[in-house]
Amino acid sequence: MDNVPPDDTIICRCSDVTRAELRAWIAHGLTSMDELKRLTRITMGPCQGRTCRHLVMQELAAVTGQPLEELTPSSFRQPLKGITLGAVADWVAKEKQEKEV
Amino acid sequence: MEQREIVVIGGGPAGLSAALQAAHSGARVTIIEGEKRLGGQLIKQTHMFFGSHKQHAGTRGIDIATLLENELRALPNVEIILGATVLGYYYEDGALTIEDHEAFRLMIPKRLIVASGASEKFLAFPNNDLPGVYGAGAVQTLMNVYGVKPAQRVLMIGAGNIGLIVSYQLLQAGVEVAAVLEAAPQISGYLVHASKILRLGVPILTRHSIKEALGKHTVEGAIIHRLDDRWQPVPHSEQQITCDTICLAVGLSPLCDLLWQAGCAMQYIAELGGYVALRDEGMQTSVPGIYVAGDAAGVEEASAAMVEGSLAGLSAALSLGYNSPADEELTAELRQQLDDLRAGPGGAKIRSGLEKLHPTADNPKEVT
Amino acid sequence: MLPTASLAAVTPHQERLARGAVAIVECFQEIPCNPCATNCPSQAFALVSDINALPVLDWDKCIGCGICVACCPGLAIFIVDGSGEQGVVRLPYEFLPLPEVGATVLGVGRDGAAVCGATVLRVQNSPAQDRTPIIWLQVPPEHIMSVRHFKF
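Chains as they are written, first to last, in numbering that gives the first Met the number 0: chain A, 0 to 100; chain B, 0 to 367; chain C, 0 to 151.
Note that these hints are calculated values from the structure, not bench results. Honestly, I wouldn't trust all of these hints.
[Said to hold, decoys possible] Have a look at the derived ranges for each label pair, beta carbon to beta carbon:
#, chain 1, residue 1, chain 2, residue 2, range
1, B, LYS215, A, LEU38, 40 to 46 Å
2, B, ALA269, C, LYS150, 37 to 43 Å
3, C, VAL47, B, GLN185, 35 to 41 Å
4, B, ARG350, A, ASP7, 36 to 42 Å
5, A, GLU34, B, GLY200, 48 to 54 Å
6, A, ARG37, B, LYS215, 32 to 38 Å
7, B, VAL233, A, ALA86, 50 to 56 Å
8, B, LEU74, C, VAL47, 31 to 37 Å
9, A, GLY28, B, LYS215, 20 to 26 Å
10, C, LYS150, A, ARG40, 46 to 52 Å
11, B, ARG229, A, GLU34, 27 to 33 Å
12, B, SER351, C, ALA45, 28 to 34 Å
13, A, LEU38, B, TYR89, 24 to 30 Å
14, A, VAL62, B, LYS148, 19 to 25 Å
Glycine residues also receive a C-beta, built at the ideal position from the N, C-alpha and C atoms.
Could you build the full structure based on these sequences and the hints that come with them?
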């Protein structure tokens with residue numbers, strides 16, 4: 000966390016990640032969106048990156064000097080919205096039943 | 000597992016037009032919309048649309064939603080699924096997973112049209128997490144969909160069409176608009192929209208941006224500052240604004256999550272709002288059978304979204320063998336409409352964005 | 000901030016203004032839009048194939064009916080009448096409450112600043128206007144090209 004201005008501006012609202020934290024991780028050597036995602040939880044909250052992805056990419060581009068166009072956004076995993084395991088299990092049971100009939 | 004012919008994701012202007020055109024061509028169409036009614040952003044657009052009569056110019060967005068919905072409901076080969084969210088696309092078997100009223104569904108379409116729209120961009124400034132900092136679209140939903148007066152006094156950030164239109168609608172709802180800030184040296188939205196709020200006495204401050212939001216538990220005001228030619232804050236240009244709400248209208252990003260999952264070749268194009276899928280003239284992406292239309296294909300006006308939707312619907316139906324002698328003429332006519340809509344100075348940004356888009360053939364499917 | 004220099008181009012000559020109601024089309028930016036031209040019952044707008052072209056109104060063909068005022072998506076068209084002792088401005092007004100006929104209001108300009116007192120002559124709100132009421136304001140004749148909104 001050395002040499003990073005104490006900027007507590009929120010970049011990721013879902014996981015309360017500040018600009019200072021993000022810059023510290025980038026200074027620490029994380030230079031891809033997927034690495035940042037795994038260590039800070041950016042793009043993994045309820046908004047699935049719809050609020051923060053662009054801001055994080057801007058920070059990453061600004062700090063590392065990589066053009067925005069050349070950055071790869073963090074991967075987009077299914078499901079895009081939470082669903083209960085019960086709902087999936089119900090579907091599996093129903094499919095199984097239909098196959099047996 | 001449910002088999003379908005054409006699935007359209009998103010019931011906004013692009014999705015509705017895509018479903019209509021594909022169904023008119025004779026295909027069996029399923030349209031999936033997350034909200035409880037069709038229309039997408041149209042249902043909160045109380046202003047009249049630009050364009051020509053072909054895109055319902057002069058008609059209010061909300062009424063265009065009803066027109067398109069009624070036309071769609073009259074067709075026997077259309078299935079409408081409301082209140083359902085597509086959770087993912089699995090390229091291995093072309094399956095869509097869906098949450099439909101808390102139940103899980105799995106659907107395999109022969110053709111997929113992604114018209115998922117866009118999300119609002121956010122801005123980084125101190126205290127941006129205070130209650131009272133909203134996207135302009137969210138405020139528009141509160142007012143025009145739910146009938147809630149969202150604020151007493153608003154500071155609007157962004158003088159593009161959304162910032163200008165939402166400011167006007169806030170004024171119509173009896174909300175004060177303290178000012179509209181625009182970081183660029185000129186108003187980026189249409190001047191006629193700007194004139195509507197200027198004559199109501201709302202200042203539009205170009206080369207201005209928000210420095211920080213003020214307030215303890217909720218927004219009580221904001222500090223704004225002037226920007227120089229290099230977009231840097233001018234020292235000592237700070238001004239304090241009193242407001243209870245800060246609205247961000249700083250652009251939209253295409254919602255492409257499903258296209259990424261499908262392995263479509265994507266390209267970052269700032270003029271189109273962010274990453275967009277490469278596509279051919281019929282709006283087919285680099286993954287055969289997957290089409291894109293509307294804001295998901297690049298952020299633009301709803302009139303263009305409708306035409307893109309029709310094009311996608313037409314080409315998806317054609318690829319399934321639903322053809323008619325009039326198709327060629329219709330395709331040419333739709334492309335001409337898009338060219339016309341983009342021909343003016345307001346279309347310069349879109350034109351330059353589309354010029355940068357690589358042809359699909361140069362970017363073979365790559366799944367990571 | 001707005002290209003009001005272009006106002007001269009959309010202002011009819013004195014003789015036409017004195018003859019009676021005429022539309023003032025304050026549309027100064029090429030945008031893809033043409034309902035004014037396609038809805039004009041007098042074919043007073045030049046019909047051009049480029050929908051981005053600025054509207055061109057033939058003031059001699061314009062009868063000042065006001066149909067374009069309510070159908071302009073940009074609310075950028077006004078009708079002015081300089082034929083009487085008092086001038087009249089008709090403007091689109093999408094706010095509630097609507098003013099009462101006979102009410103005294105404050106006429107404001109394009110920048111929202113006060114111009115002069117005005118009297119409401121008529122409130123036009125037919126179904127054909129599709130929820131864009133048109134308010135007729137009586138103003139001193141020298142202000143027909145200045146008053147574009149009002150407060151009360």
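Are any of the numbered hints broken by this structure? If so, which, sorted upward?
1, 3, 9, 14
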